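In case you want the letters, here they are:
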Amino acid sequence: MGLYINGACAISARETHFGDFPGDKGTDNGLWLKTTTPDFKQFIEAKSARRLSRIIKMGVVSSLLAMNEADAAMPDAIIAGTAYGCMSDTKKFLKAMIENDGKFLNPTPFIYSTHNTLSSQVALQLKCKGYNQTYSQNSVSFESALIDGQMLLTEEGFNTVLTGGIDEMTDNLYTITKRLGLWRRLGEGVQPGEGAAFFILESQQTPSSLARILDVATLHGAKTETEIENWIREIIRKHHLELNSLDLCLLGKNGDRTYDDVYHHLETGLLNNSVCAAYKHICGEYPTSSSFACWLAAKILKKQIIPNGLHQQRSASTPINNVLIYHQHRNREHGLILLQSC
Amino acid sequence: MDELIAKLKAQIIEELSLEDLSPEELEDDEPLFGEGLGLDSIDALSLVVVLDRDYGIQIEDPEQGKDILFSVKTIAEYITKNK
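For the record, the sequence lines run as chains A and B. The opening residue of the first sequence carries number 383 in my numbering; numbering runs sequentially from there. The opening residue of the second sequence carries number 615 in my numbering; numbering runs sequentially from there.
In isolation and in its complexed conformation, chain A is listed as follows (with noise of 0.2 Å):
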């Protein structure tokens, strides 16, 4: 049994949200990539509209627009990966009772700060009453949503499965972050960012099929590149691949010198034969952009062209069968999602 991405939708600073391939520049608003966002009210009613972030009407558009080019019914189940969570409404609670003293709090903003808001808006915006699950760790936040994802289909019997990964950015979460020095090491040309990216997935294989997924793995704590490189040839090695059947390796780098040896130490040896291209600089860096990765792997799969700008060092070579996402936070969160053509 397969697990594919019938659908995909990823919402960037980079007008993806119809499917295109990211465009040349990125709406930035001089401090972060902000989203290009379709125009929610086409897709959501001004009534049901009034109460939702624009991250939840971010969330609630982009499942919209994935099970559009699934033409997927209704999911059996819906699984969000964010880090931040839902941080303006969070704002407005917190704003509101520290003006008030911690009285006269409106409950609106209380209710739609949680995390699982997410997924369960989604829910109800689709009025799927399936299994509803979000998963907040950090920068694997989406890989998790993906996991429950690949487990619900392959042991569950699960047929349709929305899940995605989310997060926004904010003044006062751009203030903040700031504050503590996140942004401090970013390279030149990767900014903070944000997006959305959501994909219908199927354990059977359909015309709209965009990719299938291998593999997704998460490795946690402080590893030494060789324990990384270990990790990842095992599990290329489990899908009878050989590293050099890697056609693009799409990684994390931000530019963030203490960190991005690891990415360099795998491009100059484990993955030296394969093509590896960067993505942070297109989406921006926030703790769910390897869901825009993998929208944008998927893609690349579908349409056989690697677009521009990914700062590869050289053309990956056709048919483009295998790609590998990897990414680490810090040395200590490591997200990999090994995709394939069908």
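Be aware that a few hints might be false.
[Unchecked claim] Okay, the calculated beta carbon distance ranges per label pair: (1) 641(B) to 496(A): 30 to 40 Å; (2) 645(B) to 496(A): 26 to 36 Å; (3) 625(A) to 628(B): 58 to 68 Å; (4) 559(A) to 675(B): 45 to 55 Å; (5) 621(A) to 648(B): 55 to 65 Å; (6) 680(B) to 413(A): 25 to 35 Å; (7) 533(A) to 641(B): 52 to 62 Å; (8) 674(B) to 405(A): 53 to 63 Å; (9) 450(A) to 650(B): 31 to 41 Å.
Hints in this document: simulated from the structure, not taken from any laboratory. Predicted, not measured: the structure shown is a model, and the values here were computed from it. Just so it is clear, CB atoms sit at the ideal spot from N, CA and C, and this is done for glycine as well.
Given the coordinates of chain A, work out where chain B should sit on it, guided by the hints.
Chain B only, in chain A's frame:
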């Protein structure tokens, strides 16, 4: 009363994020819940907070809430009577 009604309409629109509605479109007697404007129980909670926070009025008896929050006019009347 007219001034209070106008203020309440603006507050309801702001507090409940009814961005597509203008104060002129919101009738004084129009039912806020159910078949009228279609507000729900979360909105009712928000309106109770507005009454407490901005007018210092608490709805002691929950049974009364339905009648008090029926329309902008009934809310204005309750504020005027209890202020």
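Here's how the hints hold up against the structure:
1. Remark: the range hint 30 to 40 Å for residue 641(B) to residue 496(A) is upheld by a beta-carbon distance near 35 Å.
2. The supplied range of 26 to 36 Å is met by residue 645(B) and residue 496(A), whose beta-carbon atoms lie about 31 Å from each other.
3. For the pair residue 625(A) and residue 628(B), the supplied restraint of 58 to 68 Å holds, since their beta-carbon distance comes to about 59 Å.
4. In this structure the supplied range 45 to 55 Å holds for residue 559(A) paired with residue 675(B), their Cβ-Cβ distance being about 47 Å.
5. Distance hint check for residue 621(A) and residue 648(B): the Cβ-Cβ separation is about 57 Å, which falls inside the suggested range of 55 to 65 Å.
6. Separation of residue 680(B) from residue 413(A) is about 47 Å and departs from the stated range, judged on CB atoms against 25 to 35 Å.
7. In this structure the supplied range 52 to 62 Å holds for residue 533(A) paired with residue 641(B), their Cβ-Cβ distance being about 53 Å.
8. For residue 674(B) and residue 405(A), the Cβ-Cβ distance of about 59 Å falls inside the hinted range of 53 to 63 Å, so the restraint holds.
9. In this structure the supplied range 31 to 41 Å holds for residue 450(A) paired with residue 650(B), their Cβ-Cβ distance being about 34 Å.
Hint compliance for this structure: hint 6 is the single one not met.
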